[in-house]
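Start from the sequences, fold in the hints, and give me the full structure.
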Amino acid sequence: MNRLELRSFVPARVAALIAALALAAAALAQAADPVVQVRYDAQLGHVLTDAQGMTLYVFSNDESGVSNCSGGCAEAWPPLTVESESVPVAPLAIPGEFGTTERDDGSLQVTYNGWPLYGWQNDAAPGDTTGQAVNDVWWVANLNPVVRVAEHPEHGPILVGPTGMTLYLFANDEMGVSNCSGGCATNWPPLVGGFDPSAGVLPMAGDGADGELALIERDDGGMQVTYGGTPLYYWIRDAVPGDATGQNVGDVWFVVEP
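Residue numbering for the sequence shown follows my numbering, beginning at 1442 and increasing consecutively.
Read the hints as simulated data drawn from the structure, not as lab findings.
The structure displayed is predicted, hence computed values, not measured ones.
Fair warning: there could be bad hints in the mix.
[Stated by the list, open to error] Simulated restraints, written as ranges between beta carbons of each label pair:
(1) Asn1509 <-> Glu1653: 22 to 32 Å
(2) Pro1598 <-> Thr1686: 10 to 20 Å
(3) Glu1595 <-> Val1575: 36 to 46 Å
(4) Gln1484 <-> Val1681: 17 to 27 Å
(5) Gln1484 <-> Gly1683: 22 to 32 Å
(6) Ser1525 <-> Gln1688: 46 to 56 Å
(7) Thr1686 <-> Asn1613: 14 to 24 Å
(8) Gly1623 <-> Val1507: 41 to 51 Å
(9) Glu1516 <-> Arg1678: 45 to 55 Å
We put the CB at the ideal spot given by N, CA and C, even for glycine.
Listed below in structure tokens is the structure:
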């Protein structure tokens, strides 16, 4: 492969993986007219959106099942509401738990894993995430659990991301330190999210994933998820959930056992 072919090949592979992650998210959207959808963001991971594709947020000053945003706050951050609890809130395959909470005005606000969900007045178009980290109390609503266990026909139980894409570890990493950046991170996109541990907005692990989840800050400012201290990554050549083509690449990349 010559240099010109290589330059065109790598962006194509990046686009393919992003497309795969986005398609995996879209595959979750199978319920009739759901209130909540899923979108993939390369910097913030899989985030929840409303039916029009506008990013949804959580407020770290809320309590589980209780909104502490009203008045002017609710004008800037409109609550995501439904007319009744029987309205289809989300596609059935989305991980995590959806519910509703009654607001002071009697309306029903949608919750995700206990967090009330909001829009943001300054987001102008689908894909905007300008509300992320506003005043260090507003955060995109990431899919959670962000890590779960899946049974692979060849490798047995392995860790996968929230939409089922295989996760990997890099043998050249150190505990809590990623040594994969630049072109490496292009081929092996880190598992990232818009979480903030200091605000109580934490990544969650699904059943069977018993290792400790934590976050490390990458050079680009993104927050990468670690499992038992090990940074987690996707692989550019995996196209659909169940693929594990990154296993043993270069004798340094491996699927992650729970």
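Status of each hint after checking the structure:
no.	hint	result
1	Asn1509 <-> Glu1653: 22 to 32 Å	29 Å, holds
2	Pro1598 <-> Thr1686: 10 to 20 Å	18 Å, holds
3	Glu1595 <-> Val1575: 36 to 46 Å	45 Å, holds
4	Gln1484 <-> Val1681: 17 to 27 Å	23 Å, holds
5	Gln1484 <-> Gly1683: 22 to 32 Å	26 Å, holds
6	Ser1525 <-> Gln1688: 46 to 56 Å	47 Å, holds
7	Thr1686 <-> Asn1613: 14 to 24 Å	19 Å, holds
8	Gly1623 <-> Val1507: 41 to 51 Å	44 Å, holds
9	Glu1516 <-> Arg1678: 45 to 55 Å	47 Å, holds
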